[in-house]
Amino acid sequence: MQKRHILPIVYILFLMLPIYWLIAMSFKTTGEILSGFSLFPQELTLDNYRVIFTDPTWYWGYFNSIAYVTINTVISITVALPAAYAFSRYRFLGDKQLFFWLLTNRMAPAAVFALPFFQLYSAVGLFDTYLAVALAHCLFNIPLSVWILEGFMGGVPKELDETAFVDGYSFPRFFATIFIPAIKSGVGVAAFFCFMFSWVELLLAKTLTAVAAKPIAATMTKTASSAGYELGLLAAAGTLTIIPGAIVIYFVRNYIAKGFAMGRV
Amino acid sequence: MALELVGITKQVGGQTHIKETTLRLEPGHFNVLLGETGSGKTSLIKLMAGLDKAASGSIRMNGQDVTKLSTQKRNIALVHQFFVNYPHWTVFDNIASPLRVAGMAKSEIQGRVEEAADVLQLRPMLHRRPHELSGGQQQRCALARAIAKESNAVFLDEPLANLDYKLREELRDQLPDLFAGRGAVVVYATSEPEEALLLGGKTALMNDGRVTQFGDTADIYRNPMDIVSAQVFSDPPINTAQVRKVGSRAIFGSVDWELSGDAVGLTDGVYTVAVRANHVLPFKNDTAFVPVTGKVLVAELSGSQSSAHFNMGVENWVSLSNGVHPFSIGQEHGFYMDPDKCFFFGPDGKRAV
Numbered sequence: 001m002q003k004r005h006i007l008p009i010v011y012i013l014f015l016m017l018p019i020y021w022l023i024a025m026s027f028k029t030t031g032e033i034l035s036g037f038s039l040f041p042q043e044l045t046l047d048n049y050r051v052i053f054t055d056p057t058w059y060w061g062y063f064n065s066i067a068y069v070t071i072n073t074v075i076s077i078t079v080a081l082p083a084a085y086a087f088s089r090y091r092f093l094g095d096k097q098l099f100f101w102l103l104t105n106r107m108a109p110a111a112v113f114a115l116p117f118f119q120l121y122s123a124v125g126l127f128d129t130y131l132a133v134a135l136a137h138c139l140f141n142i143p144l145s146v147w148i149l150e151g152f153m154g155g156v157p158k159e160l161d162e163t164a165f166v167d168g169y170s171f172p173r174f175f176a177t178i179f180i181p182a183i184k185s186g187v188g189v190a191a192f193f194c195f196m197f198s199w200v201e202l203l204l205a206k207t208l209t210a211v212a213a214k215p216i217a218a219t220m221t222k223t224a225s226s227a228g229y230e231l232g233l234l235a236a237a238g239t240l241t242i243i244p245g246a247i248v249i250y251f252v253r254n255y256i257a258k259g260f261a262m263g264r265v
Numbered sequence: 001m002a003l004e005l006v007g008i009t010k011q012v013g014g015q016t017h018i019k020e021t022t023l024r025l026e027p028g029h030f031n032v033l034l035g036e037t038g039s040g041k042t043s044l045i046k047l048m049a050g051l052d053k054a055a056s057g058s059i060r061m062n063g064q065d066v067t068k069l070s071t072q073k074r075n076i077a078l079v080h081q082f083f084v085n086y087p088h089w090t091v092f093d094n095i096a097s098p099l100r101v102a103g104m105a106k107s108e109i110q111g112r113v114e115e116a117a118d119v120l121q122l123r124p125m126l127h128r129r130p131h132e133l134s135g136g137q138q139q140r141c142a143l144a145r146a147i148a149k150e151s152n153a154v155f156l157d158e159p160l161a162n163l164d165y166k167l168r169e170e171l172r173d174q175l176p177d178l179f180a181g182r183g184a185v186v187v188y189a190t191s192e193p194e195e196a197l198l199l200g201g202k203t204a205l206m207n208d209g210r211v212t213q214f215g216d217t218a219d220i221y222r223n224p225m226d227i228v229s230a231q232v233f234s235d236p237p238i239n240t241a242q243v244r245k246v247g248s249r250a251i252f253g254s255v256d257w258e259l260s261g262d263a264v265g266l267t268d269g270v271y272t273v274a275v276r277a278n279h280v281l282p283f284k285n286d287t288a289f290v291p292v293t294g295k296v297l298v299a300e301l302s303g304s305q306s307s308a309h310f311n312m313g314v315e316n317w318v319s320l321s322n323g324v325h326p327f328s329i330g331q332e333h334g335f336y337m338d339p340d341k342c343f344f345f346g347p348d349g350k351r352a353v
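Those protein sequence lines, which keep their order, are chains F and W. Residues in the first sequence are numbered consecutively from 1, following our numbering. Residues in the second sequence are numbered consecutively from 1, following our numbering.
So that you can see chain W by itself, here it is in the shape it has in the complex (with noise of 0.2 Å):
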């Protein structure tokens, strides 16, 4: 079973919402579509489910066309953002709404509800209305419904996204055992970079309805291919500033430092170097050690993390460092980058270094 995009494209009103997409999607992991609001997330979700129809491209399950097949007929699973129950059914009518639709026999039904029920601890809850649940409950009814039902496919619409931060925790540690060894193509869209790292698997980023890169998770947030995806994928957003690249120095505005590794053989020119947060530190270390002095914008404290937003003239760069350091907003202060931890990109964009 697999899940196969070819040159995928959806237009609305003249207006392009997914651009020529090809992606190729398994089993056994999760499938995490990650980009901001209105980067095509849900969209790309809605064409694989068969809800819209694609302008150009061909869906393939399992090496079959599915591009004509309706949705009712693709066997297929979804839950929303929103907490979306049948209302005037009982949670268990619910889980079985699916089978029983498949024409299951009865006392299967029963079998497969409870045992989604139990997973989910929704066993006391099957006799009452999802109205009359919290919404964690209800969230957890519709991917009872979801795992219920043997489907080739299973798409997750950022579920958790309208949780409280306790229930979202709670459930994301659940998530990928709920669906491991189902044998369905699992998709998770979702605009938090910190999910996609937390669920691993593997990680299509999403900007302006385009694919940017697809791969291992760990491994495209290590590697980025373009600037776009470094963009996408980091959070506090990535720090960027346009470098002159000369023989074996990198310079922009005030900062200046010696390159090292792969960054000396780039051709002299300007570059566009990116560099994530928690590299940016505001003491002085081994490896963080090229200052970056700017002025403190805005500081934000957390019990264990340290952040701060300063401004170095044309460049606002965030700081992100572990431990409580104080800044006082509005003075200049001294932060320490690792050079070793730059993105080189050029200026089409594309990774050089």
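Okay, chain F solo, but in the shape it has when bound (with noise of 0.2 Å):
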């Protein structure tokens, strides 16, 4: 090994420290991860998983978190496609200053909204589903969306645009088959930032359900049961929580690069 690789691979463990601590606890039992320091599991048990498994309050979690994920996803994509295109390709009264305003939705933290969003949900009957929290994470990931969406549009000349019109196509038919495939890097990575961001947000997501939607990050803070801290069991929820971020990430990796490149992420 070269001198050189040692400061990258010293740190590169620093990093995954905690996580490696995660994954550790998680096969641990409860007892020894609170009576001291222990750097393998002394006692490698899997019971952790097989009540999360096993247990409809731990796996529903999951399920209720990635419906609302995707749902969002889908939501903020869907209508950032346009938005964004409108944004690249027109100029119009204020056009500069809706897309900056759009931006400042994300200036304000999550628990601003979280009040408001509760009554007006709870007033129309949204609260406690899936598409309650998938409609409010939009509030953040369609601005997102439209500014990343936009970068990348703007890197498709318009000629492209006026050379399918020209050919015959209709504006619906050319956007479908012609604009989002040119610039798929960029959903991509947009739908990445989209899933990432639901994935993660806590404080709306818990306002805003109660048990039937209830996601896995709420499910986490609850953490003592009747038996006690179940420490081991937050622990394989962490690790199973971190499994769906790292494969979107694997997806899209090369894309992301391609996002920095443009300035855009």
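Keep in mind that the hints are not guaranteed to be accurate.
Stated by the list, open to error - To spell it out: a stretch of chain F is covered by chain W in this simulated footprint if at least three of its residues, at any positions, have a beta carbon under 8 Å from a beta carbon of chain W; those stretches are:
1) 162–170
2) 230–237
Stated by the list, open to error - List of simulated lysine-lysine pairs, BS3-like, C-alpha gap at most 25 Å:
3) F:Lys184 x F:Lys258
4) F:Lys158 x W:Lys73
5) W:Lys53 x W:Lys73
6) W:Lys341 x W:Lys284
7) W:Lys53 x W:Lys68
8) W:Lys295 x W:Lys350
9) F:Lys158 x W:Lys53
10) F:Lys158 x W:Lys68
11) W:Lys19 x W:Lys350
I should point out that these hints are in silico values taken from the structure, not numbers from a laboratory. For each residue, glycine too, the CB sits at the ideal point set by N, CA and C.
With the hints in hand, could you dock these two chains into one complex?
Written out as structure tokens, the structure is:
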């Protein structure tokens, strides 16, 4: 091993440490975790995972999270695509201001919106549904998606649109069969950010749900049960929560590099 | 089939991009739009293609008013200066795309695409994607898409401008044949006078959003209607000077010559005289004999031609001659102008003689 490799390796180990600790904990018994320091599980146990996969309050947490995250991503991208197209292709009164205003939606903490959303959704009967959380997350994800997609669309020359219209393509057909494929990496990057934000967001998701749509992150906040602290169980739930994000990142890693190169991520 | 513009204008945000334009473009030859960058060639093409809306006036195709007809329904083809192809499709799919949209039968599409690919030597590339092709091949793919579709009008917006010299020559020689006998009105925008002359047909000279002259290419080259047209259709820039016409003589600076032909009949007064660079030679001969001496500013020698920019006090002129002639920069040099090749324009810019 060469000298120049040492520093990056140390750095990566340092970054991986909390994740390793989480995974190691998930294979320990709660007793072992509380009893003191141990680098490896002394008695390896799969009980924590068994509980999660058999107890509906746990595994439904995952289903609920995946459900509203998916709905949110679909809504965000569907709405952001035409909006970003308008910002990228047309000049209209106040376009730059509107674009900036969209971004300012991301400047307020989620807590600001928790109360109005709670009251509004309770009033219209959306409380404790997937749609409630999905729509609430749109407040942050649509502006982000518009911003990312606009950057990618700006890289496609307007002449492509003109050529397609001259060739006889109607606007919807051009948009679906030519334009979206031309910016597919942008769609991938935007979808990834929608997914990530919605997946890790806790406050709104917890406020707007009770039982039926309770997300996994909310389930994890109940640290104590009748059996006392269940740290091993929580660690297992945490480990499982990382996996979807890791899978998504694997698929979009190249697109994200492209997004960075275009200065929009 | 003919494409007619009647009193077309175009404004953007209070600025006039296209001044009132009336043109009748016909098939069977190239219709060249010649003008420098920003003169309105692309704006005019966009109006004809229906990609922009005219502020006033109407557009007719084959006698039918298409002013309000959408781009999609006009049945036209367009090739841009930049190589525009659908990036995620193969060359075959690119060429086939307008035919598929039109709902043509699969077997016929196959035939048409292959025919177009043969003409443009794209046969071996049919299954590649545009980004795997060279610039010249990408532009040939765009041209193939334009000829595969049997359109009413084909617009070529400086299609060769981004190609290197060699490819440009090759493709330019091919262009007239490509569109011959297809019955489409071919409109070709370029900023190079030489290209207009090589393509022949008819030329519309454009300047500042206005068509200054339209007619047979060779004809308007020989007979510019006004000073602007003469300037647009000249490369290197046409030489001009303010001359005083007194009796049968014309005078500017130290230059003084005896007029002949129609110019003698002009009323005495001030005119703008214009003479092309290739009629100002660095040596005297039978036709070019009026001395115009100046200080050489820049000299360019190519293998077969010599050009020199020289200053005559007020005017900067250019001389272009065959063969290699040595010039010493900063030195006085005798040049000789052909008086029979001078155009005279009145104070309003209109051609006098």
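What are the numbers of the hints that this structure violates, sorted from low to high?
-> 2, 8
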